Amino acid sequence: DAKTTQPNSMESNEEEPVHLPCNHSTISGTDYIHWYRQLPSQGPEYVIHGLTSNVNNRMASLAIAEDRKSSTLILHRATLRDAAVYYCILRANSGYSTLTFGKGTMLLVSP
Amino acid sequence: GAGVSQSPSNKVTEKGKDVELRCDPISGHTALYWYRQSLGQGLEFLIYFQGNSAPDKSGLPSDRFSAERTGGSVSTLTIQRTQQEDSAVYLCASSPKGQYGNEQFFGPGTRLTVL
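Line order of the protein sequences matches chains A and B. Just so we're aligned, residue 1 is where the first sequence starts under my numbering, counting upward by one. Just so we're aligned, residue 1001 is where the second sequence starts under my numbering, counting upward by one.
Honestly, the hints are just simulated from the structure, not real lab data. Quick caveat, the model's predicted, so the values are computed rather than measured. One thing to keep in mind: the hints can contain errors.
Calculated lysine to aspartate or glutamate pairs in the EDC-like style (CA-CA distance at most 16 Å, straight line) [unchecked claim]:
no.: 1; chain 1: A; residue 1: Lys3; chain 2: B; residue 2: Glu1044
no.: 2; chain 1: A; residue 1: Lys103; chain 2: B; residue 2: Glu1044
no.: 3; chain 1: B; residue 1: Lys1057; chain 2: B; residue 2: Glu1068
no.: 4; chain 1: B; residue 1: Lys1017; chain 2: B; residue 2: Asp1063
no.: 5; chain 1: B; residue 1: Lys1015; chain 2: B; residue 2: Glu1068
no.: 6; chain 1: B; residue 1: Lys1057; chain 2: B; residue 2: Glu1044
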């Protein structure tokens, strides 16, 4: 699977927007971009995924660069509960595909 | 509805003992995955089940590790002759089918400590 690069950590203030970047310069044409997050002492949870177009759901937005070599997860208003490790993962377009987790970005949210 | 459940939530064992970890996936989910997360590390894939068969066991670290799934539902991960380096949180996930694009739903994990 192609590799992703994320900053080790980011900080935000509560109720401010957060933009979490991810670089994936070796992405293949059929790789989906997935984001998961892991709150302290919990299993990971799905956030959002996309292929080419920007995506929105109740949790976040995903902005994908036109060349697909980078993407940004956008939390529109950070809350204390959003403090977690955020993982950007490329998932191959195959009959099945596991998730290959990197180190992710630890998001710290201050009140 | 009920999510993925795992038991026990915590397991402390002595080096050399065998342990069994259980995963109950979401009802109807055909794909099931086992991962482990060592302290301060990312998640490491162990094994994938589609139904009762395991087409990908490539992540199992040694032959001391094995897993089975019965009835297309419950899965058990067995570690024989545990070693201290086996200490980790073992996470199970399920998804409606194994194809790309389908999110994986994770359980809370089993924290294994080998003394």
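Okay, which hints does this one fail, numbers in order? Those not satisfied come down to hint 5.
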